[in-house]
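*Asks:* Chain by chain, the residues:
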Amino acid sequence: MNRAKKFFQNLAKYLAVALLVFIIVSPIYWILVCSFKPTRELIRVTPTFVPHTVTLFHYVGLLKETGFMTYFLNSIYVATGSAVLVVILTSLAGYSVYRCRYLGRRFFFNILLAIYIFPRVLLLLFLYPMFARLNLVDNLLSLVITYVGITAPLNVWLMRAFFTSVPLELEDAALVDGANRLQILFKIFLPLVAPGIGAVAINSFLMSYGEYLFASILIVSDRFKTLPVGMAQFLQQYEISWGWLASGSVLIILPPVIAFAFVGRYFVKGLTAGAIK
Amino acid sequence: MIEKIRRRVLQDPLFGYFLIIPILVWISATLFYPLLRAIYTSFLNIEFLGETGRFIGWDNYARLLGDKEFRLSFVRTLVWSGANVLLQIALAFFAALVLDLEFRGQKFIRNWILLPWVIPVVVLAMIFRWMLDPTLGVVNYVLQNTNAVSSPVPFLGSVDWVMITAIFVNSWRWFPFYAVMILASLQIIPPQLYEAAKIDGASPFQQFCYITLPHIMPVLVPVILICSLWAVNVFDMIWLLTRGGPGNATQTLPIFIYQKGFQEYRLSQAATAAVFMFIFLLVYGTIYLGTVTLEEK
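Just so you know, the sequences run in chain order A and B. To convert a position in the first sequence, counted from 1, into this note's numbering, add 13. To convert a position in the second sequence, counted from 1, into this note's numbering, add 17.
Check each hint, because a few of them may be wrong.
Claimed, not checked - Simulated pairs of lysine-lysine, DSSO-like, Cα-Cα distance not exceeding 30 Å:
1) K18(A) <-> K124(B)
2) K19(A) <-> K124(B)
3) K215(B) <-> K200(A)
In case anyone wonders, no lab produced these hints; they're calculated from the structure.
Work the whole structure out from these sequences, hints included.
*Replies:* Next up, the structure:
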């Protein structure tokens with residue numbers, strides 16, 4: 014009786030896990046499998062769930078015949094630039110709202126959180142003329158500037174969660190040794206929040222890498238387009254090629270997935286710590 | 018002695034300002050400047066991008082509220098956001114409860130559950146458009162072959178289906194994010210509470226209502242707020258899935274503003290709608306935080 018009950022409990026548990034994994038993985042599995050199918054298998058009325066023939070045809074075509082590589086490099090440039098700047102700004106600001114005492118500290122922190130309520134389209138409406146006046150339209154810098162502005166504020170919150178995990182005794186020890194504030198920040202706190210830097214970096218990298226709205230308006234010429242815009246465009250321009258769609262999707266997904274494999278767990282940790290503190 | 022040093026070194030307000038000023042300058046330029054310009058422009062009559070416009074007071078707002086297209090897109094935004102919050106929180110709850118169990122590979126899945134969130138929206142939109150296609154899509158193939166439906170479902174092609182489909186796709190991307198946060202709050206509930214409740218004969222449902230729910234409230238309250246604010250703001254997913262169509266079936270406020278501003282170039286109208294949306298979110302956020310009392314630590 015008891016063993017039967019335990020068996021059914023286990024069964025229910027693994028069914029629930031399997032369902033969750035299926036929900037998450039199935040669309041990604043599908044696109045991965047399709048990217049390796051030859052064209053005639055792709056457009057068959059009866060789809061194959063495991064490819065009968067495996068080919069790299071679509072990958073080769075995509076890289077040779079479209080601007081994919083250009084878009085890709087632009088995206089990497091914008092995403093890396095934003096991530097670096099966001100890390101610098103948020104590690105300073107995160108420490109400031111956590112360990113410094115001054116008038117308006119609470120207010121500044123709240124303002125940073127209130128960024129949630131800014132409609133993105135509203136920003137775009139007036140960032141466009143601003144960048145136009147600065148001669149930065151159709152320049153990847155305009156994207157970097159925008160993405161840093163949008164992603165930095167929330168990452169201050171994430172960074173702060175990591176700062177709170179640094180034991181304050183270390184600060185005391187450094188004080189006794191005669192360290193000043195700048196030394197305390199750079200030699201004690203920042204090395205200890207390396208995981209937080211990873212979490213913030215991946216967060217802003219992912220957001221900037223995949224952003225569509227701003228990139229679709231602020232960039233005009235083809236050679237400066239980032240992946241989301243370039244990809245969406247050439248899929249509409251040509252007669253739609255399912256093979257390119259699939260292989261392009263897989264290639265776009267690759268860098269963020271690799272990045273997440275390295276520092277994703279820190280992001281999860283930061284989200285966890287931020288949630289319960 | 019340490020107290021003395023601490024007071025001398027740490028009580029320096031200038032240092033704090035010095036560290037936070039860069040980010041404040043940055044967001045003043047990229048967030049507050051556009052906001053102020055939008056508010057200013059909403060009182061001008063710029064009928065076409067490039068005009069200077071003339072001050073006309075509240076006319077734009079009056080005209081906006083009288084515009085049926087705007088009112089409908091506002092209602093759609095409410096439906097879209099409400100449904101997204103419900104679905105995302107429900108899915109996140111399910112995922113968090115599953116991930117709270119002990120099973121092999123639990124650590125791995127706890128990190129990789131964020132996979133949908135890692136993938137750029139444009140890719141997701143393309144994948145789902147393909148999978149949900151009436152003739153070539155795998156979803157319709159499976160549905161028809163299992164006799165669940167007799168003819169292909171036009172998931173993105175019909176006015177009846179498109180909103181529901183878009184809500185599901187968007188929720189699929191975001192629920193893992195909230196699952197991670199809810200899971201975090203589940204894990205700090207002391208297991209002794211459940212043991213004690215079991216001894217007292219509490220049913221699983223009672224345990225959920227009297228132990229789980231009160232404990233996760235401090236996380237759930239901000240999570241629901243963030244979730245709804247983000248849902249209202251969604252542009253990419255809807256635009257890339259449907260362009261606001263068919264007809265205007267998925268034209269929420271961000272889509273409306275984008276179309277007015279960047280397709281019809283009616284800057285004042287777009288700015289007025291955007292300011293309206295900002296004020297709506299501001300009021301909503303304030304009321305929400307005012308009504309739902311956060312437990313002070």
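*Asks:* Decide, hint by hint, whether the structure agrees.
*Replies:* Here is how each hint holds up against the structure:
With a C-alpha separation of about 26 Å, the suggested pairing of K18(A) with K124(B) holds against the 30 Å cut-off. Our distance criterion of 30 Å between C-alpha atoms is met by K19(A) and K124(B), whose separation comes to about 23 Å. For the given pair, K215(B) sits about 50 Å from K200(A) by alpha-carbon distance, which is inconsistent with the 30 Å threshold.
Consistency with the previously given hints fails for number 3 only.
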